[in-house]
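Taken in order, these protein sequences are the chains called A and L.
Just so you know, the working numbering puts 157 at position 157 of the first sequence, and the rest follows in order with no gaps.
Take the position in the second sequence, starting the count at 1, then add 1000; the result is the number in the working numbering.
No lab work stands behind these hints, which were simulated from the structure alone.
Don't take each hint at face value.
To be verified - Some, not all, of what chain A presents toward chain L, calculated at C-beta under 8 Å: (1) Arg84; (2) Met87; (3) Phe91; (4) Ala95.
Don't be surprised by glycine CBs; every beta carbon is placed ideally from N, CA and C.
Below, each chain spelled out in residue letters.
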Amino acid sequence: MVSPDTPAIEISKLVSHYGDRKILHEIDMTVAQGEIMVIMGGSGSGKSTLLRHFLGLNRPTSGSVKLLGQDITRISAQEMFVLRRQMGVSFQGGALFNSMSVAENVALPLREHTKLDENTIQIMARMKLEVVNLNGFEDLMPSELSGGMLKRAALARAIALDPRLLFFDEPSAGLDPVASVELDELILNLQEAMGMSIVVVTHELESAFKIADRITVLDQGHILLTGTVAEVRGSDHPRIVSLLQRQPRHDEVDGDAYLQRLTRELT
Amino acid sequence: MLPSVAILQPSLVRTPLAAVDWVGRQTAKFGDEVGYASALLFESLYWLLLGYWRNQPVRVSAIFKEAVEVGVRAIPIVCIACFATGTMLAMQGIHTLRQFGADSQVVVGIAYSVSREFAPLITGIFVAGRSGSAVAARIGTMTVSQEIDALRVIGVNPVRYLVAPLLIALMFTMPCLTVLANLVAMLGGALYCLAALGMPLEVFFDRSFAALTTSDLLGGIYKSIAFAMLIAIIGAVNGFQVKSGAEGVGRATTRSVVLCIVSIILADMLVTGFLSR
Chain A
1 MVSPDTPAIE
11 ISKLVSHYGD
21 RKILHEIDMT
31 VAQGEIMVIM
41 GGSGSGKSTL
51 LRHFLGLNRP
61 TSGSVKLLGQ
71 DITRISAQEM
81 FVLRRQMGVS
91 FQGGALFNSM
101 SVAENVALPL
111 REHTKLDENT
121 IQIMARMKLE
131 VVNLNGFEDL
141 MPSELSGGML
151 KRAALARAIA
161 LDPRLLFFDE
171 PSAGLDPVAS
181 VELDELILNL
191 QEAMGMSIVV
201 VTHELESAFK
211 IADRITVLDQ
221 GHILLTGTVA
231 EVRGSDHPRI
241 VSLLQRQPRH
251 DEVDGDAYLQ
261 RLTRELT
Chain L
1001 MLPSVAILQP
1011 SLVRTPLAAV
1021 DWVGRQTAKF
1031 GDEVGYASAL
1041 LFESLYWLLL
1051 GYWRNQPVRV
1061 SAIFKEAVEV
1071 GVRAIPIVCI
1081 ACFATGTMLA
1091 MQGIHTLRQF
1101 GADSQVVVGI
1111 AYSVSREFAP
1121 LITGIFVAGR
1131 SGSAVAARIG
1141 TMTVSQEIDA
1151 LRVIGVNPVR
1161 YLVAPLLIAL
1171 MFTMPCLTVL
1181 ANLVAMLGGA
1191 LYCLAALGMP
1201 LEVFFDRSFA
1211 ALTTSDLLGG
1221 IYKSIAFAML
1231 IAIIGAVNGF
1241 QVKSGAEGVG
1251 RATTRSVVLC
1261 IVSIILADML
1271 VTGFLSR
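Generate coordinates for the entire structure from the input sequences, incorporating the hints supplied.
In structure tokens form, the structure reads like this:
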């Protein structure tokens, strides 16, 4: 198996394009095993794209993405399939399969990756739903759940195979403060109980500071800073300060460039 | 960024050069899409044949579920449409043939045109209307709500999970529906002949079965298999291409149905031309 010193995630010189637009500029980043890493940044900072690279959903232009020591840009489909057992993801909107009940959603990874019998799968799915306090809701359809319940059901599906890597896309988006705090608690408990490495992508400062071991601040495809909560709070980088104090950006306005943007493609 | 609005919209094309540009772009786009569709078809067939050994088994239960949805549930509408078509053919046939005093020959006309043409075509069009849209809407919605991403992250190939069962279900149920459509359309014709000409039902069916050969029926069956592939693949292509939002899903759904029906009619023409040589 993977030795404890191997980083859970290690990316180097990751470059990503969307069409002609460069989204990520040579990103380097490591997440140790058992660590909770929060990736913070405003809209358009490239944090969602970065997450898609972690999950193997996008192909990078160049650079490598190593999960548990394996470079997912190079390994075969078969090796990737085996690696998928070690990964769980909770998407922003939950992304539960709408045509299946909650329990069937949680059971799907078990069905695809194991040859367990039906009863065992049912029991395991119920166990995971217990972990996220959704016992008794297994027969409901996703459309019948509230926002907070959806996120918790998605979490139950993400941890169905007891993964070693857990990814969260905006866990608190669209939740009321109480539900949001409860979800944070749940993330911390999971990390403590199962020793997973967790990556959380968010723009919520409060929850970031509460759960993070380390924080990476991303801005326009560059990493501004990677450090502990205290280091991020103490940073005097103007962009980080404005992010923390919720101030609008005050970029210098370039008069010529502005005029050119307004008049381009007019003939 | 290259394309300005004027180039993309034909109504705004101002110069001949822009028109050529537009035609070129559309052709390239069409080529792209046909390529994507073929890739999707081959990938589905690949998973159907080899999925079991590649950790991506196409589950029998999923195939049956799709077969019920796209095949069994289509029985009533296909029956109604084909019954009406058979009756209509009898009316027109009798009206035309009466001018030659040969109205009882209508039986042969109905038997041929139904088995070679109308049964597969009507079935194809109605299944396209029901399932071509439903598939595009389902896959499109799943794309928008990140369910496709979730599938991939779990290690489930979306083509294997969503397209392959549908493809094989359609390829089995469409020929069955077509056989049923044949019988129902002929029943429609027979009942009208009974009413208009006083021709007993068994006489109608005896003469029909005497006139028809296996190749007439097989021609219709082959067509229906081709239509099944078109519906599954066009529906899936449009679904997977949805980029954003409810509007995108709506557009993909409409486009899917229209393309399905147009391509079915064109394919029908080609196959008929090929078979009747």
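Hints, verified against the model:
no.	hint	result
1	Arg84	4 Å, holds
2	Met87	7 Å, holds
3	Phe91	5 Å, holds
4	Ala95	4 Å, holds
When the structure is compared with the earlier hints, no violation turns up for any of them.
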